[in-house]
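Number of protein chains: 2
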Amino acid sequence: MFSPENLMAAFDRVTDYWSPRVIGQVNDQLLKVAKLKGEFVWHAHEGEDELFYIVKGALRMEFEDHTVQLREGDILTVPKGVRHFPVADEECWVMLIEPASTKHTGEVVTDRTRSLQDQLS
Amino acid sequence: MFSPENLMAAFDRVTDYWSPRVIGQVNDQLLKVAKLKGEFVWHAHEGEDELFYIVKGALRMEFEDHTVQLREGDILTVPKGVRHFPVADEECWVMLIEPASTKHTGEVVTDRTRSLQDQLS
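These protein sequence lines map, in sequence, to chains A and B. In my numbering, each residue carries its 1-based index in the first sequence increased by 1156. In my numbering, each residue carries its 1-based index in the second sequence increased by 1156.
Chain A with its partners taken away, still in its complex shape (with noise of 0.2 Å):
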C-alpha cells in the first residue's frame, strides 16, 4: 500500500526556521520543506543543483552578480557549485530539491548547519 504525503500538513509540523524537514524521495533526490525567515549563511554545494519552488510568501536570492526576486509559485534551480544567499524579509515556505548528499550550508558550518539526519527526524 503506498501512501501519500500532503503538502500542507507537512509544513504544519515544521516549528523550526532554516530547518528543512524530508517528506519524499524520488530517484536519488529528496523532497523537503522548510519555513524561512530572515537572512541564511552564503554558501554553495559543490556537487549538487538544488531547486527551490515558492509555497507561499517570497524569498530574495542573491548571486555574486545579481538578485533574484521569487514570489508565491515560482521555481528556481541553483545550479551545483554557485554562491547564494537566500533572505526572506517575511515568512516564506518552500519545497526543496536536491541529492541525499547535499550539505545544507556546504563547506561552511555554522550552528545553524543541520544535518541529513535533523532532517528526517
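Some hints could be false.
Given that identical chains are not distinguished, each listed pair holds provided it fits within a single copy or across any two copies.
To be verified - Computed cross-link-like contacts, SDA-like style, restricted to lysine to any residue with a CA-CA straight-line distance of at most 25 Å:
id: 1; residue 1: K1212; residue 2: V1264
id: 2; residue 1: K1193; residue 2: V1238
id: 3; residue 1: K1212; residue 2: M1157
id: 4; residue 1: K1212; residue 2: D1168
id: 5; residue 1: K1236; residue 2: N1162
id: 6; residue 1: K1212; residue 2: R1268
id: 7; residue 1: K1259; residue 2: S1175
id: 8; residue 1: K1259; residue 2: S1159
id: 9; residue 1: K1236; residue 2: F1196
id: 10; residue 1: K1236; residue 2: W1174
id: 11; residue 1: K1236; residue 2: S1159
id: 12; residue 1: K1236; residue 2: F1158
id: 13; residue 1: K1212; residue 2: G1229
id: 14; residue 1: K1193; residue 2: E1218
id: 15; residue 1: K1259; residue 2: F1158
Hints were generated in silico from the structure; no laboratory data involved.
Since the structure of chain A is already known, use the hints to place chain B on it.
Just chain B, lined up with the frame of chain A:
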C-alpha cells in the same frame, strides 16, 4: 542571470490533457506540469521513480492490488517498475518529477504517448 519559472504561468500554457511540459531541471531530474482528465493507460517505468504532486483537483492512482486517492496538496512517488493507471474524474493539475530517461507510457506505446521532444516543445 537566473530567471525563475512560475508554476501557474506554466499551467496556463498547457492546452492538451496528458501531455506533460518540461518547466525545469534539478540534477538529472526534470520538473514537468500536466493537466489530466479521464483515464490514461496502464504502464510502468522500469528504471525510474515518478513523483506526482497534485496542484489542483484530484487524481485516483490505481495499482494492481490497491488504489490511492490523491487530493490537492498530496504527493506520491510511484516506485520504478510498479504498474499504475492514473484516472482523473475531473480536471487535475499535476507537477511531475522524473528523470529525463523516463518514457511517458513506459514500454507501452499508444497514440497518447508523448516523446521527450514533445514535452520540450
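Quiz item: Hints broken by the structure, by number, lowest first?
Solution: 1
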